[in-house]
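Student: Sequence lines, in order, name chains A and P. With the working numbering, the residue at position 19 of the first sequence is 19, and numbering never jumps. With the working numbering, the residue at position 95 of the second sequence is 95, and numbering never jumps.
Hints are not guaranteed to be accurate.
Said to hold, decoys possible - Here are a few chain A residues that face chain P, going by a calculated C-beta distance under 7 Å: (1) I7; (2) A62; (3) I65; (4) T155; (5) Y162.
Hints listed in this document are in silico derivations from the structure and should not be mistaken for laboratory results. Note that the Cβ used here is the ideal one computed from N, Cα and C, for glycine as well.
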Amino acid sequence: MTAAVKIYEMTASRSGWDKTSGTVRFKSVSATIVDSENRLQVPGSGTIYSFWKQLRMYVATAPSIDLQNLRAYTDGVNSFGTGIGVQYDLEATKHVTPASLNISGTDLFTASISTSIDLDSGLASTAFLATGFKGKLLRIQMSVANTAAPGQLSTETLTMAYDET
Amino acid sequence: MKINDLYKWQIELDTGEIISQFDLEGNEKSSKIIIPDKVVRISYVPLLSILAKHNIIIDKRAGEAFIRRFQRGFIKQQKDGFKLKEYLHCCVTNRYRVYIFSNGNILITHKDYELYL
Numbered sequence: 001m002t003a004a005v006k007i008y009e010m011t012a013s014r015s016g017w018d019k020t021s022g023t024v025r026f027k028s029v030s031a032t033i034v035d036s037e038n039r040l041q042v043p044g045s046g047t048i049y050s051f052w053k054q055l056r057m058y059v060a061t062a063p064s065i066d067l068q069n070l071r072a073y074t075d076g077v078n079s080f081g082t083g084i085g086v087q088y089d090l091e092a093t094k095h096v097t098p099a100s101l102n103i104s105g106t107d108l109f110t111a112s113i114s115t116s117i118d119l120d121s122g123l124a125s126t127a128f129l130a131t132g133f134k135g136k137l138l139r140i141q142m143s144v145a146n147t148a149a150p151g152q153l154s155t156e157t158l159t160m161a162y163d164e165t
Numbered sequence: 001m002k003i004n005d006l007y008k009w010q011i012e013l014d015t016g017e018i019i020s021q022f023d024l025e026g027n028e029k030s031s032k033i034i035i036p037d038k039v040v041r042i043s044y045v046p047l048l049s050i051l052a053k054h055n056i057i058i059d060k061r062a063g064e065a066f067i068r069r070f071q072r073g074f075i076k077q078q079k080d081g082f083k084l085k086e087y088l089h090c091c092v093t094n095r096y097r098v099y100i101f102s103n104g105n106i107l108i109t110h111k112d113y114e115l116y117l
């Protein structure tokens with residue numbers, strides 16, 4: 001059977017939240033719900049940072065074969081507008097309670113098709129034949145500078161890819 | 001039917017033996033049981049009759065060689081959440097690659113080209 005792979009948003013809870021039918025929204029609190037509460041406010045000066053979002057692949061139906069070469073990337077273009085950025089870093093396999101500290105990561109939009117983020121680099125290469133989480137956590141965080149324009153942003157697309165061999 | 005179930009692979013060895021992706025009980029076989037040097041044909045068989053079947057012949061006498069095969073899934077976050085949007089099969093040879101899309105289209109590329117959508 002081919003694997004059923006889902007994307008989960010990890011919080012302090014080990015089980016995380018299935019995002020198959022829900023988007024990921026950056027907020028000013030640690031929350032996975034997608035609504036208009038706790039929005040990021042354009043600051044009067046300087047830059048503010050959202051609470052982290054931690055994304056990880058979850059294998060809901062165990063593959064009969066191996067799963068590897070996990071990747072993440074964007075279209076390479078930040079369409080959020082002036083003063084708004086998204087940065088990322090990789091956490092091994094732990095998940096923690098999200099915070100709003102600046103992660104000082106890499107611009108997420110530098111990760112495109114040709115420069116994708118390797119989500120299983122350095123992890124054990126033994127065949128993965130079970131259900132459960134697979135690969136590293138992708139931690140992302142939005143920054144909003146005082147130069148940003150107010151208003152709701154349009155959706156950006158994040159792609160996560162995997163190989164079955 | 002899910003897009004990752006639309007095609008299954010089948011391989012013929014130079015001994016005449018046929019290796020299919022699934023056994024009679026529906027269990028999937030690992031590509032690791034395939035001995036690349038012995039492969040003379042790899043087929044992608046659709047589970048829907050409206051899709052094309054694809055056969056790739058490995059001409060060993062002309063120096064062609066099968067290297068490996070894999071499937072690649074693409075999960076994209078769009079307005080409706082993270083969904084599996086495309087699922088490719090890929091056959092890698094020493095001279096080219098063939099990517100098979102879930103709609104039956106194929107793309108032939110350089111042997112080292114990694115296709116991401």
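Student: Which numbered hints are broken by the structure, listed smallest first?
Tutor: 2
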